[in-house]
Amino acid sequence: MLLSPDERGRFGEFGGAFAPETLMPALSELETAFAAAWADPSFRRDLDALLGSYVGRPTPVYRADRLSELLGMDLWLKREDLAHTGAHKINNTVGQGLLTTRMGKPRVIAETGAGQHGVATATACALLGLECVVYMGAKDVERQRLNVYRMEMLGAEVIPVTSGASTLKDAVSAALRDWVATVENTHYIIGSVVGPHPFPWMVRELQKVIGEELRSQMDGSAPDRPVPEVIVACVGGGSNAMGIFYPYAADPTVDLVGVEAAGHGLVTGEHGASLVAGSPGVIHGARTYMLQDDSGQVLEAHSISAGLDYPGVGPEHAYFKDSSLARYETATDAQALEAFHLMASTEGIIPALEPSHALAWIMRSRDELAGKTVVLNLSGRGDKDVEQVASLGF
Amino acid sequence: MASEIDSTGAEGLGNLFAAAREDGRTVLLPYMTAGLPTLDASVRLFEAMAAAGADGFEVGIPYADPLMDGPVIMEAGERALAAGTTVDGCLEVVSDVVSSTGLPVIVMTYVNPVLRMGVDRFCVRLADVGAAGLIVADLPVDEAGPFLEATRTHGVGLVLFAAPTTDERRLRAVAMAEPAFVYAVADMGVTGTRDEASDKIAGLAARIRDVSAQPIVAGVGISTPDHARAAARHVDGVIVGSALVRLVLEANDADDSARALRSAVAAFAAAVGD
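Protein sequence lines, in the order shown, are assigned to chains V and B. According to my numbering, the stretch in the first sequence is residues 1 to 394, in order. According to my numbering, the stretch in the second sequence is residues 1 to 274, in order.
By construction, these hints were calculated from the structure, which means they are not laboratory data. A couple of the hints might just be wrong.
[As the list claims (entries may be wrong)] Quick partial rundown of chain B residues pointing at chain V, CB under 7 angstroms, derived from the structure:
1) Val119
2) Pro140
3) Ala144
4) Leu148
5) Asp199
[As the list claims (entries may be wrong)] Pair ranges (Cβ atoms, derived):
6) V:Ala181 / B:Asp255: 34 to 44 angstroms
7) B:Glu178 / V:Glu368: 48 to 58 angstroms
8) B:Asp167 / V:Gly129: 45 to 55 angstroms
9) B:Glu78 / V:Ala35: 34 to 44 angstroms
[Said to hold, decoys possible] Each computed DMTMM-like pair below joins lysine to aspartate or glutamate, with the alpha-carbon atoms no more than 25 angstroms apart:
10) V:Lys208 / V:Asp367
11) B:Lys200 / V:Asp383
12) B:Lys200 / V:Asp178
13) V:Lys105 / B:Asp199
14) V:Lys105 / B:Glu75
15) V:Lys139 / B:Glu78
16) V:Lys105 / B:Asp167
17) B:Lys200 / V:Glu184
18) V:Lys139 / B:Glu75
Here the structure is a predicted model, which means the values were calculated and not measured. C-beta atoms are modelled at their ideal positions from N, C-alpha and C, and glycine is treated no differently.
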C-alpha cells in the first residue's frame with residue numbers, strides 16, 4: 001500500500017499529526033470511525049445514494065471542442081462545476097457529514113477560503129440536521145460575499161476571522177482553536193487534503209470518486225472515450241487535484257500536473273505556490289511543503305483566487321512531488337484571469353478562478369500538449385467570482 | 001537574585017521540583033512572550049516577576065500561527081513579531097533571564113521554528129543559553145522521538161502534555177517518555193483566561209500520578225489567584241500565562257508592565273504557596 005499513509009499517517013516523510021494533545025484522542029477516534037464507516041457497506045450505500053440523487057454524480061466529462069481547436073489539443077473537462085453547490089467540495093462534506101451523524105456529534109465546524117467548502121458544509125449540515133459554524137477570513141468575507149449569504153441562508157453561522165492576513169490559513173487556525181475547546185461534541189469538517197492525520201487520507205478517499213469516475217468515463221472503449229494522457233488540476237490545499245490524481249497515480253502512462261497560484265509572480269514572493277517555491281515544514285498539523293521564512297514563521301500567501309490563497313498544501317502532494325508521481329507548475333493572477341475569460345467566451349462555461357489557473361497552464365503549454373488528450377478538472381463554477389472579476393474592469 | 005543551586009538544563013528543573021517537594025510546596029511558573037514590550041526591555045519583566053516570587057519561567061518564542069493559543073497570547077505574538085522579534089533574539093532574552101534571575105527557564109514554541117533550525121541544533125542553542133526545558137505546543141508524544149533524543153543529548157528537559165481527553169494508553173506513552181514534567185492541560189480549549197476554575201485538574205492529576213512519577217504542572221485557563229490556589233493542591237507547579245500577558249498588552253510601557261506584573265505575580269505566588 002505504497003500510496004496510503006502508514007499507521008502514523010505518513011506519506012513517505014510527509015503528513016503525520018502535529019497537534020495539541022487535547023486533539024490527539026479525537027484524531028485517533030476519527031481515524032477509527034472513518035475506517036469502520038468506509039469498510040461498512042451500509043455507510044457506502046448511504047453515501048452513494050446521496051452522491052447520486054443529491055449531489056448529481058457522476059459528473060459528466062465534456063469535450064471542449066472550441067477550446068480544443070483553438071489550443072490544438074484534445075481537451076476534456078471533468079465537470080465538477082455541475083455538482084450540487086457548484087464545486088467538488090460537496091463530495092467531501094456529504095461524506096464527513098454522514099460520518100458526523102454516525103459518530104453522534106451534533107455540531108460541525110468548518111473553515112472556508114473562497115466559500116465553496118463553507119457552502120458545501122452548510123448544505124450537508126442542513127441536509128443532515130447538524131449545527132454548523134463556518135470560520136472565514138475577514139478579507140474573504142469581503143471578496144466572496146455571495147457565498148456568505150448562501151451559508152447564512154443554509155442555516156450556518158459565519159464567523160469572520162481577523163487574525164493574520166484574514167484569509168484561509170487564519171480560518172483553518174481559528175477552526176482548529178474552536179475544535180480544541182469543543183472536540184467532545186463537535187466534528188471539524190476540514191475542506192481539503194490538509195491538516196493532521198487522518199484528514200488528508202479521509203478527504204482523499206472521499207474525493208477520489210472524481211478520478212474513479214473519469215477512469216470509467218474515459219476508458220478507451222470507444223473513439224469518444226479516449227484514455228487521458230495528461231490530467232491537469234489546480235492545487236491550493238489540493239483536494240480536487242488529489243481526487244482526480246489518486247486513481248491514476250500508479251499509472252505511468254498518464255501525466256499528472258498540479259497548478260499552483262503564482263499570484264503576482266513567484267519572484268515577487270506574493271503567491272501561493274507552496275510546492276513549487278516553498279520548503280518542507282509543519283503547518284496545520286502536517287509535515288508538508290509550505291511558505292515560511294528563515295526562522296520557520298509561516299508566510300502569508302497571495303492569490304487572486306481565495307481557494308488557492310494558502311501557504312501550505314496537502315502532505316500527499318508533497319509526497320507526489322518528491323517521488324515524481326505528479327509534477328507541479330504555476331499560473332499567475334493575470335494568466336488565470338485570461339483563462340477565465342477564454343473559457344467563458346469560448347465554451348459558455350464560467351469557471352471558478354481556481355481551475356482557471358489550471359487552464360492558464362494548459363494555454364501556456366500548448367506546444368508541449370499539442371495533439372494530446374488532456375483532461376482539465378473543472379473543480380468549480382465561477383458564479384462566486386463574477387463580482388470580483390467584474391470589479392477588475394472586464 | 002542568583003542562587004547557588006544550578007538552574008540550567010534538565011538538572012536545574014529537576015532541582016527546582018525536588019526542592020519544592022521537600023518543602024511540600026507548589027511552584028509558580030509565569031509565562032511571558034519574549035520580545036514584550038520590546039526585545040530590549042523584555043528581561044526587565046522577568047526580573048520583576050522573579051522579585052515577586054516566581055520560581056521559574058516559561059518564555060514564549062512568538063509564532064505566526066499559534067494553534068494552541070487564545071486571543072491574548074496570539075496578540076502578544078503578533079506584536080512581538082511585528083516589532084522584529086526573531087528566534088535568535090528570543091534566545092538572547094532567555095540567556096539574559098537565566099543569568100539575571102538564576103531561575104530555570106523553559107522555552108515554549110511550536111514545532112516548525114524548531115524544525116527549521118534543526119531539532120538537534122535548536123537544543124544545542126537551548127543548552128548554550130542555559131535553558132532548562134522545552135515545551136512544544138503542537139508536539140504530541142507520537143511525534144516526539146527526535147525531540148526526546150536531542151533534548152536528552154544536550155541536557156535539556158522536554159515537557160510533554162496530558163489533556164482531560166487523554167486516555168490511559170496515551171498517558172502511559174507520555175509516562176514512558178519520562179518528560180521533564182507533564183504539562184497537565186487544566187481545561188479544554190486554547191490558552192486564555194476563564195471565569196471559572198477548572199474542575200478537571202484534580203482527576204487528570206490523579207490519572208497522571210497513577211502512571212508517572214514525574215512532576216505535574218497545570219496550565220491553560222488558570223486566570224486568578226483563586227484558580228491557582230485550587231489547582232496547586234493537586235500538582236507540583238502552576239503555569240499562569242494569559243492573565244499576565246494581558247497586563248503587559250494593556251500597560252503603557254515597560255515600567256508600567258513591570259509594576260503590574262510585580263503585584264499580580266505576588267498574588268499568584270501567595271495563592272500557590274497557601
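Holds or violated: Lys139 of chain V to Glu75 of chain B, with C-alpha atoms at most 25 angstroms apart: holds, 19 angstroms
Restraint check, 7 angstroms cut-off on beta carbons, for Val119 of chain B near chain V: This interface hint is violated because 12 angstroms lies over the 7 angstroms limit.
Chain V contact restraint for Ala144 of chain B - C-beta distance below 7 angstroms: violated, 10 angstroms
Given hint Pro140 of chain B near chain V, where the shortest CB pair must fall under 7 angstroms: Check passed: Cβ of Pro140 of chain B comes within 5 angstroms of chain V, closer than 7 angstroms.
Holds or violated: Lys105 of chain V to Asp199 of chain B, with C-alpha atoms at most 25 angstroms apart: holds, 23 angstroms
Hint validity - Leu148 of chain B Cβ closer than 7 angstroms to any chain V Cβ: violated, 15 angstroms
25 angstroms Cα cutoff - pair Lys105 of chain V, Asp167 of chain B: holds, 19 angstroms
Pair hint Lys105 of chain V and Glu75 of chain B, alpha-carbon separation not exceeding 25 angstroms: Judged against 25 angstroms, a Cα distance of about 32 angstroms means the pair is violated.
Range hint 34 to 44 angstroms (beta carbons of Ala181 of chain V and Asp255 of chain B) holds or violated: With a Cβ separation near 36 angstroms, Ala181 of chain V and Asp255 of chain B satisfy 34 to 44 angstroms, so the hint holds.
Hint consistency between Lys139 of chain V and Glu78 of chain B [alpha-carbon to alpha-carbon, up to 25 angstroms]: holds, 18 angstroms
Cβ distance range 45 to 55 angstroms for Asp167 of chain B and Gly129 of chain V, holds or violated: violated, 30 angstroms
Hint status (Cβ of Asp199 of chain B to nearest Cβ of chain V, threshold 7 angstroms): violated, 14 angstroms
The structure is inconsistent with the numbered hints 1, 3, 4, 5, 8, 10, 11 and 14, although it conforms to all the rest.
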